[in-house]
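Asker: Each chain, letter by letter, is given below.
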Amino acid sequence: GNSVTQMEGPVTLSEEAFLTINCTYTATGYPSLFWYVQYPGEGLQLLLKATKADDKGSNKGFEATYRKETTSFHLEKGSVQVSDSAVYFCALNSGGYQKVTFGIGTKLQVIP
Amino acid sequence: DGGITQSPKYLFRKEGQNVTLSCEQNLNHDAMYWYRQDPGQGLRLIYYSQIVNDFQKGDIAEGYSVSREKKESFPLTVTSAQKNPTAFYLCASSIEKNRDIAAVAQHFGDGTRLSIL
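Residue numbers (my numbering), protein chains in the order written: chain S, 3 to 114; chain E, 114 to 230.
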């Protein structure tokens, strides 16, 4: 079956540091890949997505590139802010209503 | 503004009691979903519905029930058969008709936290 692997964290960074959160996946076919962000006490919000190999999703300074050869979709940001503190979920959808698979979420803490 | 509204934000259940979590959306989305979120386990799908009057079990449907009488509403009942109901429950929706399903993102409500008294 499909699976998404990401570290649970927490990842603690100082403000303006470079961020990488790794995400690797196992799936049949050609899934779409997503990053969602969850702020404390809230639901998930779509951060970015990529629907085919070599696509780069980007939003609010975050980027991730769909790498089929390494089955990865790592999230990066060049300079994090305290307001980026949240839980980040990697997810894939290989088609069909039951086919969305989420990772366990990575908690990011950014300290001033 | 369009969005998904979940209520209540916090809910407490007594032993042997059924409780119902509300989910309403005004996005005109066809599909709706219920997830359960536990620490260290990510999101697990409880039920989903593609259209009115139709719904399907997800991975952890035991002890839960749903209805979809209106497009906008997808309430979840946590029954007394669910022995470990303490969790954060998230409702989501997405446009499914005439779209590439795999490329469609889901929109989430702000969740309901259910605890046992």
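Think of the hints as simulated: they come from the structure by calculation, not from any bench. Note that the structure is a prediction, hence the values are computed from the model and not measured. There's no promise every hint is true.
What the hints assert, rightly or not - 20 Å max Cα-Cα, derived EDC-like pairs, lysine to aspartate or glutamate:
id: 1; chain 1: E; residue 1: Lys196; chain 2: E; residue 2: Glu137
id: 2; chain 1: S; residue 1: Lys109; chain 2: E; residue 2: Glu175
id: 3; chain 1: S; residue 1: Lys109; chain 2: E; residue 2: Asp151
id: 4; chain 1: E; residue 1: Lys127; chain 2: E; residue 2: Glu185
id: 5; chain 1: E; residue 1: Lys122; chain 2: S; residue 2: Glu44
id: 6; chain 1: E; residue 1: Lys122; chain 2: E; residue 2: Glu185
id: 7; chain 1: S; residue 1: Lys109; chain 2: S; residue 2: Glu78
id: 8; chain 1: S; residue 1: Lys58; chain 2: S; residue 2: Glu10
id: 9; chain 1: S; residue 1: Lys54; chain 2: S; residue 2: Glu18
What the hints assert, rightly or not - Calculated Cβ distances over 12 Å to all of chain S for the following chain E residues:
id: 10; residue: Lys122
id: 11; residue: Asn139
id: 12; residue: Asn141
id: 13; residue: Ser180
id: 14; residue: Thr192
id: 15; residue: Arg226
Heads up, the beta-carbon is just placed ideally off N, CA and C, and yes, glycines get one too.
Asker: Would you mind marking each hint as holding or not holding in the structure?
Answerer: Going down the list of hints, with the structure as the test:
The suggested pairing of Lys196/E with Glu137/E is violated, with an alpha-carbon distance near 26 Å, which exceeds 20 Å. Distance hint between Lys109/S and Glu175/E is unfulfilled; the C-alpha atoms sit about 29 Å from each other, more than 20 Å. Between the alpha carbons of Lys109/S and Asp151/E the distance comes to roughly 14 Å, so the proposed pair stays at or under 20 Å and holds. Distance restraint check for Lys127/E and Glu185/E: the Cα-Cα separation of roughly 29 Å exceeds the 20 Å cut-off, and the hinted pair is therefore not satisfied.
At roughly 10 Å between alpha-carbon atoms, Lys122/E and Glu44/S fall within 20 Å of each other, so this suggested pair holds. Restraint check for Lys122/E and Glu185/E: satisfied, since their Cα atoms lie roughly 19 Å apart, inside the 20 Å limit. Restraint check for Lys109/S and Glu78/S: satisfied, since their Cα atoms lie roughly 14 Å apart, inside the 20 Å limit. For the given pair, Lys58/S sits about 24 Å from Glu10/S by alpha-carbon distance, which is inconsistent with the 20 Å threshold.
For the hint linking Lys54/S to Glu18/S, the alpha-carbon distance of about 31 Å lies beyond 20 Å, and the restraint is violated. The Cβ of Lys122/E sits about 8 Å from the closest Cβ of chain S, inside the 12 Å cut-off, so the non-interface label is violated. No Cβ of chain S approaches the Cβ of Asn139/E within 12 Å, the least distance being about 15 Å, so the stated non-interface status holds. Against the 12 Å criterion, Asn141/E stays outside the reach of chain S, whose nearest CB is about 18 Å from its own CB.
Its beta-carbon lying about 17 Å from the closest one in chain S, Ser180/E satisfies the requirement of being farther than 12 Å from that chain. Listed as outside the interface, Thr192/E is consistent with that label: its C-beta sits roughly 22 Å from the nearest C-beta of chain S, beyond the 12 Å cut-off. Annotated as non-interface, Arg226/E brings its C-beta within 12 Å of a C-beta of chain S; the closest such distance is 9 Å.
Taken one by one, the earlier hints fail for this structure at numbers 1, 2, 4, 8, 9, 10, 15, listed in ascending order.
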